Amino acid sequence: GAGVSQSPSNKVTEKGKDVELRCDPISGHTALYWYRQSLGQGLEFLIYFQGNSAPDKSGLPSDRFSAERTGGSVSTLTIQRTQQEDSAVYLCASSLSYEQPSSYEQYFGPGTRLTVT
Amino acid sequence: QQQVKQSPQSLIVQKGGISIINCAYENTAFDYFPWYQQFPGKGPALLIAIRPDVSEKKEGRFTISFNKSAKQFSLHIMDSQPGDSATYFCAARRGSARQLTFGSGTQLTVLP
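For the record, the sequence lines run as chains A and B.
Position 50, counted from 1, in the first sequence is what the working numbering calls 76; the numbers after and before it change by one each time, with no gaps.
Position 57, counted from 1, in the second sequence is what the working numbering calls 1172; the numbers after and before it change by one each time, with no gaps.
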């Protein structure tokens, strides 16, 4: 079946503009995660969804970042008033669930490369 | 505070050699330790994972060694091939959390 898809693959925006990044998880996966990968760095956790709710928003770097998930499927990460330090690859992952050890595996999408000029 | 420390940052190995990447963690509540492989322009893909109740897990040419008392785990790639050239990330997760905590990554280059 299809893997995790993300759009756009690349986004160049001017400082101060708002951007929306989209993630389509694997069908049937109830858990969805957003990570940020800065150049040469590891992955930084941003937020996860259990169904449509986000119990833990502590990873979001500032109140300019928000995310939502609708219908237990597609998720959108929104960054308002973008800053140059927001430039990074934003990765989305999904997993079958997170309650059973056999379903821990997170499948990652290809990411959206965001460049703020 | 970096909870998972990974080394080396980069590694060059000859074809057929053994590649070894090490990770150390601080939080004893971690109970799941995966390794991810990432090729340029792609998202990370799960390579192999281990839980702390075993000391070693092998899948093909890839082996995880786990030392619970030392709070360290490592990835060994036997008979390394040029196609293994990628960035490798170790990660850890604690049962009550949902997200993975990643190491900083190791860029592996296998020379032909």
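I should point out that these hints are in silico values taken from the structure, not numbers from a laboratory.
Remember, predicted model here, so these are calculated numbers, not experimental data.
Hints are not guaranteed to be accurate.
What the hints assert, rightly or not - In the DSS-like style, the derived pairs of lysine-lysine whose C-alpha atoms are separated by at most 27 Å in a straight line are:
| no. | chain 1 | residue 1 | chain 2 | residue 2 |
| --- | --- | --- | --- | --- |
| 1 | B | 1172 | B | 1130 |
| 2 | A | 83 | B | 1173 |
| 3 | A | 83 | B | 1130 |
| 4 | B | 1130 | B | 1186 |
| 5 | B | 1157 | A | 37 |
| 6 | A | 83 | A | 41 |
| 7 | B | 1173 | B | 1120 |
| 8 | B | 1183 | B | 1130 |
| 9 | B | 1183 | B | 1157 |
Verification of the supplied hints:
1. B:1172 with B:1130: At roughly 23 Å apart (the allowed maximum being 27 Å), residue 1130 of chain B and residue 1172 of chain B satisfy the hint.
2. A:83 with B:1173: The given pair, whose Cα atoms are some 36 Å apart, is violated under the 27 Å limit.
3. A:83 with B:1130: Distance of about 44 Å is beyond 27 Å: violated.
4. B:1130 with B:1186: Outside the cut-off at roughly 30 Å; violated.
5. B:1157 with A:37: holds (16 Å)
6. A:83 with A:41: holds (24 Å)
7. B:1173 with B:1120: holds (22 Å)
8. B:1183 with B:1130: Violated, because 31 Å separates the two Cα atoms, which is more than 27 Å.
9. B:1183 with B:1157: violated (32 Å)
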